[in-house]
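S.K.: So the chains spell out like this:
2 protein chains.
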Amino acid sequence: MSASPQAAEASVTLYARIKDELRALIRDGTYKPLDQLPSESDMTARFGVSRITVRQALGDLQNEGVIFKVQGKGSFVARPKTDQDLSRLQGFAEAMSDSGHVAKNRVLSFRKLAADAYVAGKLRLEEGTEVCQILRLRFVDSEPISVDISYVSAELGDRLKKADLATRDIFLIFEHDYGIKLGNAELSIEATTVADDVAGHLRLDAGAPILRIERTTFTAAGQPLDFEYLFYRGDAFRYHLNIARQPARQ
Amino acid sequence: MSASPQAAEASVTLYARIKDELRALIRDGTYKPLDQLPSESDMTARFGVSRITVRQALGDLQNEGVIFKVQGKGSFVARPKTDQDLSRLQGFAEAMSDSGHVAKNRVLSFRKLAADAYVAGKLRLEEGTEVCQILRLRFVDSEPISVDISYVSAELGDRLKKADLATRDIFLIFEHDYGIKLGNAELSIEATTVADDVAGHLRLDAGAPILRIERTTFTAAGQPLDFEYLFYRGDAFRYHLNIARQPARQ
Numbered sequence: 001m002s003a004s005p006q007a008a009e010a011s012v013t014l015y016a017r018i019k020d021e022l023r024a025l026i027r028d029g030t031y032k033p034l035d036q037l038p039s040e041s042d043m044t045a046r047f048g049v050s051r052i053t054v055r056q057a058l059g060d061l062q063n064e065g066v067i068f069k070v071q072g073k074g075s076f077v078a079r080p081k082t083d084q085d086l087s088r089l090q091g092f093a094e095a096m097s098d099s100g101h102v103a104k105n106r107v108l109s110f111r112k113l114a115a116d117a118y119v120a121g122k123l124r125l126e127e128g129t130e131v132c133q134i135l136r137l138r139f140v141d142s143e144p145i146s147v148d149i150s151y152v153s154a155e156l157g158d159r160l161k162k163a164d165l166a167t168r169d170i171f172l173i174f175e176h177d178y179g180i181k182l183g184n185a186e187l188s189i190e191a192t193t194v195a196d197d198v199a200g201h202l203r204l205d206a207g208a209p210i211l212r213i214e215r216t217t218f219t220a221a222g223q224p225l226d227f228e229y230l231f232y233r234g235d236a237f238r239y240h241l242n243i244a245r246q247p248a249r250q
Numbered sequence: 001m002s003a004s005p006q007a008a009e010a011s012v013t014l015y016a017r018i019k020d021e022l023r024a025l026i027r028d029g030t031y032k033p034l035d036q037l038p039s040e041s042d043m044t045a046r047f048g049v050s051r052i053t054v055r056q057a058l059g060d061l062q063n064e065g066v067i068f069k070v071q072g073k074g075s076f077v078a079r080p081k082t083d084q085d086l087s088r089l090q091g092f093a094e095a096m097s098d099s100g101h102v103a104k105n106r107v108l109s110f111r112k113l114a115a116d117a118y119v120a121g122k123l124r125l126e127e128g129t130e131v132c133q134i135l136r137l138r139f140v141d142s143e144p145i146s147v148d149i150s151y152v153s154a155e156l157g158d159r160l161k162k163a164d165l166a167t168r169d170i171f172l173i174f175e176h177d178y179g180i181k182l183g184n185a186e187l188s189i190e191a192t193t194v195a196d197d198v199a200g201h202l203r204l205d206a207g208a209p210i211l212r213i214e215r216t217t218f219t220a221a222g223q224p225l226d227f228e229y230l231f232y233r234g235d236a237f238r239y240h241l242n243i244a245r246q247p248a249r250q
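Protein chains in written order, with our numbering: chain A, 1 to 250; chain B, 1 to 250.
One thing to keep in mind: the hints can contain errors.
Same chains, same names: a pair is fine if it fits in one copy or spans any two.
[What the hints assert, rightly or not] Straight line, CA to CA, 30 angstroms or less: simulated DSS-like cross-link-like pairs of lysine-lysine:
#	residue 1	residue 2
1	K73	K162
2	K19	K32
3	K162	K181
4	K122	K32
It should be emphasised that the hints constitute simulated quantities derived from the structure, not laboratory data. Source: prediction; values computed, not measured.
Just need the whole structure built from these sequences, with the hints factored in.
M.R.: Written out as structure tokens, the structure is:
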């Protein structure tokens, strides 16, 4: 992209050096998680380089997940993220306790309503059938991390009404209290911006990025049991998984 | 949340009706993908309801992925997303061709550089070892959908230099041209905002949400082969997968 290979080489070295220095300042705790970094002009002056070089270094660190930018505010140090293994179908509290965290839930609402076409289709019901909608705000180590909107049949909803949804996963209640065998779940995962209601619960600014999941959980017999929208804070959560390679065609 | 159950019931019905009407207008093509919806005040007037009710309906449609909001601009109809099965370790072109799409790549840069501590760790090399970095912009049906930053050993890089990276997946080149058996990959998946350089390539506004993936691919013998940062447009791409339930502990 540059006219002279030598100039390009020098600029690569310069911005690599600034990246390294910023990384070191974050590692040694000079800048802590969620701290704001100095402004671009401060860094330009401090490092004695052009603004383009500073921007390149910051852009790289952003791509690497080390820092994040907030429009009109500046660059901040990313905080460590809660990790969940996506290759296992687990309740959230179950997964969090496996990794040494404490998960709690707050039930925001619990009500019956007529299933719209999409939810009804997922649960293989007629549109308009009465279903139970459960809104939960989920906390990890006392920080709000996700909003879960779950739809189950009205009958299951009546049973869940008496359950301890503040500390227990719905999956475990199904399995251990109701003797329902879970089979599998179908998920979709995408990145989007948070809607205002969810932003309020998760204490996010308008326009903040979130992971949006749709999940349908089936019984071992293949009957849909539970359809959910899950919204995870982009700045606080990530999935990880391990995939094996199957033979490919040429 | 409301003082009177009857008032709450009426408002649920009202906003459910507006959701249904908007969904119908999107389904019948009155509002097409990426079209802007009327403003909140237009809808308030058109439906004869309060702004709170309109906002609730729009918030729900946003949570359901039917529409998206752009800060300071308004609400827009979401476009259909390209889907990739996350339970299979596949090259992107391979996966796209499986679902009837045409994938192409543009190599943005191909260079050698000293691996930083993070990249070196992922490839199990000493920090500062020379590696090859390949930046590719990936298109589905002529639309830019992702930026991939791949790191391989300098030696593999020299071989890839001669390969057709515009139409072929690196995975397939490894397997079919070099006879390297792929084993598995480790991934992390999170939602974040796009960095400026990636935004430019993907034609996204500043602050747009993206899926950020880190992927390390291993040979069948367990040797790391390829470490990548993948950035997918949040508005154009989603993953899906199917997970089986393993027996849980109480």
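S.K.: Going back to the hint list, which numbers does this structure go against?
M.R.: The structure conflicts with hint 1 only, although it agrees with all the remaining ones.
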